[in-house]
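Novice: Residue-level listing of the chains:
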Amino acid sequence: MLAANWHGPKDVRLEDVPEPDEPTGEDVLVEVSWCGICGTDLHEYLAGPIFIPPGVEEVVLGHEFSARVVATGDRVTRVAIGDRVVAIPHRVCHDCHFCRRLMFQHCLNLELVGLTRNGAFARYTILRQDQLIKLPDEVSAEVGALIEPLAVTFHGMRQPGVEVGGDIVIVGAGPIGLSAIATARAVGLDRIYVVEMLPQRSSIARAMGADEVINPREVDALEVIRDLTGGVGASVAMECVGLEQTMDLAIQATRPGGVAMLAGITESVSEVDLDAAVRDEKVIRGCIGYFDGEFEAVIELLASGRLDPTPMITHSLALDRIVSDGFDQLVRDRDSCVKVLVSP
Amino acid sequence: MSSVEIRLGPTGPMAVAAELRRPGAHEVVIATRAAAVGPADLTEPVDRVIGGEFSGDVIEVGSDVDPDLLHAPVVVLGSQPCGRCDRCLDGLATLCKESQTRGQTIDGGLAEAVLVRADEVLPLPDGLGHERATLMHRLARALRATRRSGARPGDATAVMGSTPLGLATTAVVLAAGSGKTALIDDHQRCRDALTEAGALTLGAPSDPAGWDTLRGDLGGYGPDVVFECAGTPQSRLAAIELARPAGTVVMVANDATPVTMDINLLVMGDKQVRGSRGYTVAEARTTLELMTRSRIDVSKLIGTTLEIGEFLAAAADGSLDTLLGGCQATVVRWHPDAAVMR
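If you read the sequences in order, they're chains C and X. In terms of this note's numbering, the first sequence opens at residue 90 and continues consecutively. In terms of this note's numbering, the second sequence opens at residue 6 and continues consecutively.
What the hints contain is simulated information worked out from the structure, not anything from laboratory work. A hint or two may mislead.
Which chain C residues stay away from chain X? Per the calculated CB distances, all over 10 Å, these [stated by the list, open to error]:
hint	residue
1	L363
2	T403
3	D414
Below, a sample of chain X positions facing chain C; criterion: calculated Cβ distance under 7 Å [unchecked claim]:
hint	residue
4	D267
5	V272
6	G274
7	K276
8	R282
Using N, Cα and C, we set each Cβ at its ideal position, and we do this for glycine too.
Given the sequences, and given the hints that come with them, work out the whole structure.
Specialist: Next up, the structure:
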């Protein structure tokens, strides 16, 4: 079968790879419906390995996906052939220090589909039954491929300090930033301010619920945010870019006693004003992954219509175009190319 | 009334005669009985009364002050928020931008008598003496930091830096039912001070393997909560590295120097940094109660006790730096009959 196989930075090859073996035990063979190109995939494409373990020579990328069950192992009880499903990329041991405390994303034996084991930029892939959640009829397969990034920002919105009626500054309107807009709206944040310099992304941000989009090329973004928030800053900020300047902006745009969440992955060291945490009792926290139950909660919000991420889908394409019209297009045209869905 | 104040002069602390005005309607005069002093009292600005942490007896009250306060033993709060700014009105008084700090931006209390606002004082509970009461400030800061940390009983914790604040934080964390608790610093004398109190006391590892061992010793994969009390970029970075995945670092000490770091330590580690600054009046009251009932073990927090005459003699002969250099408090007692130069 055709697969997008990572071999190193700037080296993702469309290759013919063997189809997975028939599943055994709790494993399930799924046929991928749609798989999104994640910022993490792009980081691996441009500068990896980051999440891919050192020494791995090749791996099929793809971890944001919806699928249909085509075969099951003899101990599978949670899904059946024909079920439409979404996949949780974490394959955990359920036995280590962190799994016993239900902190699955920190599992000491964590495997990540599409990063440490073969993923979904291929027609078929294998998952264990505890990684699969059935999709209700109300959620399309395309939207199902967006549940993973939505779960990341939903996880952020569940942190202490994020409260109904509060305000939020979202720095960057890429896929995670746009997911943050959608989830912030869904959990009852009132005013949503977005910092984005690219015009198409700004338009999508507005379409997804941003109250104000601030272009830092045209104005002093921090000054504007302070004007919009009575001089104090927002109760929450979420940084979704991964640059020193944008992290600094997110921390500064957070009001005293507020929460600055850093979701962007960086590729270099940064100078960080950690004293802001002491000076103004801010919380500066990393935001990554999701906890048990958060995929299900996002599905519920999608099914009920309270969460609509569809404006962020800008490109849908076949697998054989993933490098030229997917990865390279995301690099060439960061403005109009936001979320690329791939169908194998 | 006449008084004597210990002011920081160009060559160190010195006794200076002063004239104290009568208290205004909302003010009280306190005869200082004890003050905790430390290295910060020997640094600029000069010409301020030193001793920001002090306790004494009320000897005169203003016309609108509750007369029951007269003769009461009291401790004086360490900072004065303005009470009028947006932050104060929003309930964030510890973050008041106009806040004044006793012994630093405004006069401290190492003096024969001190004039303060009545709302700056808290009566001491029965059984809490003046010397121990001087520790209220650092313990109240530690209490706030512990509460803000989200640490739960049984959590593995580490305190970076055996500063006075680090020792106080360790004492409060132990009182809060922490599991394995470590004070990490290279000062053996300071570490010794807490060994008997139930904390592990460990030197800062000099190589990465040492940190891995330390993580293993604390909770298996690093402490649930790390309190950063040294206030240096190196210590802050080490605290973030030491905390377990999804762990919390509480920064208690100030340091304006930016930290150069791989921010993925926070992002991919799912860790959080929480700041803690000052304390509220309610936290001060709680601290006094906990101290009075010995819920917090403060026995190791005072290293040296000096009479005011001994303190001034040490200032004169140049031995004060040594006396104040430790992580434990040096408490200066001021007896009502003390004969101090006028």
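Novice: Would the stated hint for G274(X) survive a check requiring a Cβ distance to chain C of less than 7 Å?
Specialist: Cβ of G274(X) sits 6 Å from chain C, so the hint holds.
Novice: Against chain C, is R282(X) within 7 Å by beta-carbon distance?
Specialist: It holds, given that the least Cβ distance between R282(X) and chain C is near 5 Å, below 7 Å.
Novice: Return the status of the interface hint for K276(X): holds when the least beta-carbon distance to chain C is below 7 Å, violated otherwise.
Specialist: Check passed: Cβ of K276(X) comes within 5 Å of chain C, closer than 7 Å.
Novice: Is the interface hint satisfied for V272(X)? The criterion is a beta-carbon contact with chain C at less than 7 Å.
Specialist: 4 Å, holds
Novice: Mind checking the CB of D267(X) against every CB in chain C and telling me if the closest is under 7 Å?
Specialist: 5 Å, holds
Novice: The output says L363(C) does not contact chain X. Does that hold with a beta carbon cutoff of 10 Å?
Specialist: Violated, since 5 Å does not exceed 10 Å.
Novice: Beyond 10 Å from chain X, beta-carbon-wise, is T403(C)?
Specialist: Non-interface label stands for T403(C): nearest chain X Cβ at 25 Å, farther than 10 Å.
Novice: Does D414(C) clear chain X by more than 10 Å, comparing its Cβ with all Cβ atoms of that chain?
Specialist: 29 Å, holds
When each numbered hint is compared with the structure, a violation occurs for hint 1 only.
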